[in-house]
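Chains as they are written, first to last, in my numbering: chain A, 54 to 602; chain B, 139 to 367; chain C, 247 to 347; chain D, 5 to 338.
Warning: the hint list may mix true and false statements.
[Unchecked claim] The calculated lysine to aspartate or glutamate pairs, modelled on EDC-like cross-linking and capped at a C-alpha distance of 20 Å, are:
no., chain 1, residue 1, chain 2, residue 2
1, D, Lys56, A, Asp591
2, D, Lys110, D, Glu296
3, D, Lys278, B, Glu158
4, D, Lys278, B, Glu266
5, A, Lys291, D, Asp144
Bear in mind the hints are in silico, worked out from the structure with no lab data behind them.
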Amino acid sequence: MATGNIPPVEREDYLNKHYGVGSWLFTTDHKRIALLYLISITFFFFIGGFFALLIRLELLTPASDLVQADTYNKFFTQHGMVMVFFFLIPSIPATLGNFLVPMMIGAKDLAFPKINLLSWYLYIIGGIMMLHCMVTGGVDTGWTFYTPFSTAFTNTKIVEAGLAIFIAGFSSILTGLNFVVTIHRMRAPGMTWTRLPLFIWAHYATSIIQILGTPVVAITIVLVAAERALHLGIFDPKLGGDPLLFQHLFWFYSHPAVYIMILPSMGVVSEIISCFSRKRIFGYSFVALSSISIAVFGFLVWAHHMFVAGMSVYAALIFSLLSYSVAVPSAVKVFNWTATLYKGSIHYDAPMLYAFGFLGLFTIGGLTGLFLAALGIDVHVTDTYFVVAHFHYIMVGGALMGYLGGMHFWWPKISGRLYPEGWARLAALIVFIGFNLTFFPQFILGYLGMPRRYADYSHMPEFQILNVFSTAGATVLGVGYLLPMVYFLWSMRYGKPASDNPWNAAGLEWQTQSPPTTFNFPEEPVVTWEAYNYDEIDKGQKEVPQVVG
Amino acid sequence: MAAHTESHNPALLHHFATEEQQRNSASFGMWIFLATEVMFFGGLFCAYLIYRRWYFGDFAAASTSINAKLGGANTAVLICSSLTVVLAIWAAQTSRRALLIGMLILTMLFGLTFLGIKGIEYADKFHEHHVPGASFSFDHEEIPGNPGHYANPNHAQIFFALYFIMTGLHALHMVIGLGIFTWLLWAAWKGRFTPEYHTPLEIGGLYWHFVDIVWIYLFPLLYLIDRHT
Amino acid sequence: MSTHSTSEHSKSPLTTYFAVWAALLLGTWLTYQASLLDLGRYNSAVALIIATTKALLVALFFMHLKGASEKLLKLVVVSTLFFLILLMALAMFDYGTRWFS
Amino acid sequence: MFDNFPLWPDRASSMAGKVDALYIFLIIVSGMMTLLIFTAVVYFAARYRYRKGVPAEQIEGSTPLELTWTVIPMGVFMVIFIWSAVVYFKMRTPPRDATEVYVVAKQWMWKLEHAEGQREINELHVPVDRDVKLIMTSQDVIHSFYVPAFRMKQDVLPGRYTVAWFRATKPGTYHLFCAEYCGTQHSGMIGSIVVMEPAQFEAWMSGGSGGPLSATGEKIFAELGCATCHRADTQGRGPNLQGVFGKPVQLEDGRMITADENYVRESILDPGSKIVKGFKPVMPTFQGLVSEEQVNALVAYVKSVSQSGAATGKSAAATEPEGVSGKAQGSKVQ
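Same shape as in the complex, but just chain A:
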């Protein structure tokens, strides 16, 4: 359905206004910063993906024949650290969020453009430190850094990795801060809270977690580093400390961090489903509020990672009960998206295919979350491949599908070019199949009892066949991820020029030119319509409201 309405003359936009490296490295334009982020997180995604591939190759055979155990341990640690802290957490907020939040609310930029640039630099400094750490020895504790192994036993580079994450954490905090202030203070006239796109609601909820959760993990990292350097005893049972305190503090952030990854993705999916079924989202206010409640309840459930860790039975009970509280709003979202399709006019463009993929994978990921919240089952499946499969369904199946869907959806806006639709649909299909082939067998493996983080399973050859499936799936998945990168790059030069609103979509970001000018709108837009007014757009009663320039 994408329309390539070629603008006759070359217009000035944020890409061609200035040239030169300096115009990028010192830019305060949120759109250019978004592109800086896009390039950097793509780089880290392929680094993390490379480790994932090595992990899968090692597990193809039971013996640890590709690499030794110590190397394998570094692989999964670095895969986790890079993917979590340097890809998933910044993924949608720092790229699509950065690009779209100001535009969707009719602002010229984020509230603090220089801080926005600062957060990219912090991210890059953290990233370079992480790369340096990995090249010069790496870390072997798992991305969870459990004490006392990380503080008193391993002799790998915990402090440097911790510092890298600490710095990247501040980048994430500043992004969240910027979004909250922007959403509160910079909305265009008429852009009331109930007219906000759900993408904005999702980012608002995400920002709350970034602001309130990240500092706790930052201080925890400080404590780990201090403990490691001076043997203070805070996390060391030999000196009277409690290793579970580390787990409490760590998961207070790191559980909600999952919602930092998935909430923005949910926002993207709301936009896509609404646009490609040409309907206002079903139960707008419920979808909006469920984002906020996921963010709030997300802070109440952290210790469900610790049911067998030696916590009190009563605390386990409370945390299990609270864990279901976060499942309810997630379920509400899925039902509302499904209901939005009802009596729609559904188009099967690539973004929608990704959104369908998201729906399926997130449903499976969410439902298997119930298994893990259920105390009696968690005891058996925690720390096995069941958990690995579950969180990959959420974090890769959910967050990454949303990210790719969003990239396709807004690519015409970002680049001013259309991507090749046929290839994109093919890629969506490959990713979906590859993903399920990789991770579904891991649910079975987990229930069979294969523990996570095992370099060698030669005493358990019965696990091999499922691992072979998984590795085969990973190769397919790898191809699925490479494809979009290739055709996105291709389309930047050879793609058909995109019209300003190729999807005929609602939302302020579509009412300015593609790619937009530096300050997004020729003049401040005034919003007089509700979000997702597809009836008005399609009936032609109201032209897609154009902000005249």
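Given chain A, work out where chains B, C and D should sit, using these hints.
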């Protein structure tokens, strides 16, 4: 936030519609930043709370070994500095440039006094081998109110670890605060602040008061455990 | 913020500032004295109550939370404290009930 | 091929069936939910696909519908929660008369010691149909004792005991895994649980042992001179340990505490932390002086002098330390 005011004329930045929007954004942003600071210290307070309940006697013994008078004096110094900060803002609001500069200098002097007293305290602890690490020693220190009971050195070390990390991070915030105030002083000297435009002062002030509030909690929690014997 | 500061200015906030300052110093002295009394388990409660009062004074008057024209800032403060207390309360619940199991 | 391609783990303990039942229930529930959503998505996507001239029908939403799909899942979740909590409580409550096995984990090895004194490494022999309680601690980092066939897992922490139990129901050899990442050879920290018929097990048990663990503990108790203060009568400087285990103890600060394994352990390694009412904190710490295995033996000994069932039998043993204590005292005086 402060960086936004680089243009000599306190002009409106391009992406804001009105000056009020710009000012409100800045102060709101600072409050949000303070929220992250609360959670940053919050993790430490949580650890403190847990170990204090576990090892109350040892914590009391360790806490009693700190000079509470110095801590009390430092509290007073910080409170005075908070007063000078609000007076500085008031001076800017009422166009009293000399008073503004005087108050800013006074604030910084109070801040330096605080750090000086802190330094004396740290030096004491260093001489007494109460700094956690290889040379730490806390043998045969009686638990207050329990004659014959001696504190467990390991548990006392956890107290001192928390003491040094909490007060150390607080002191680091003070140093950053002094940096901000040096810049504010420079800007005030240049006459940048007017009754209409003094957002950086307000923002810097918020930060300074927050650091004060953290200390208001640190003082009783670290210095005054079970002092009554 | 501007609106309220000008209105406060017209009332001359100086008396408030000095009164708060005096109250804070008094509070510090009270905390110290209270710690010397044997109040049993209430010692820490008293210390925390005084500290919270002092913190409130600073936040309300020095940081102008009281005069803030909108509820938003108060919401930020309240929700931050909510999550902080949540962290402590839920973690303490584990520690408090471990001996029973 | 299918010999080596299991899709369901062995079910070899009394808990396994209960966990599996809940698991199957959850699979059915979530399978139904998945089916519901997938069917709806696929049906809507096909039925309402774009047709020229057929516009979408706008529907604002429906509060009753929203309430329905909030309340019904919540109800289902509560059923799951209650069921799973019941299973969990069973898992975490060891039966009273269980056979005890002490487990010491270290990088990267499991050391197990039966109450009867048999020691094993990376292997545990247990009889079928008997409750076995594991009292576990770690010498270094966090490990996790995981037996998939028993659906049993418990982290093993340094510095304290954690407890788990199982009742094997099917003879055979089952995997024992370390499930909490513990360093380089984490995947090598595996072993097996050998479940035997009672007769076979007795035969196995009769093979070499240095006497029951409590006897070892008794010897250590004597060697360390513990009996000097912890005398069997009431005149000692430390509390009389007979009949203490498993009973509530009043502490000096007024708290009441149950004298469980962790309490005895803490009293040996950090005696100052919990002083029994009426006693002085005079006991020195034994941290660093006794190994984890020796602490286990001491705990087993303290337990053995408290078992009311065998009170008469043990009292004979209890008189013995007095003689030993004299010796220990003597040696100390020298």
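Right, here's what the structure says about each hint:
no., hint, verdict
1, D:Lys56 to A:Asp591, "holds (12 Å)"
2, D:Lys110 to D:Glu296, "holds (10 Å)"
3, D:Lys278 to B:Glu158, "violated (61 Å)"
4, D:Lys278 to B:Glu266, "violated (28 Å)"
5, A:Lys291 to D:Asp144, "holds (9 Å)"
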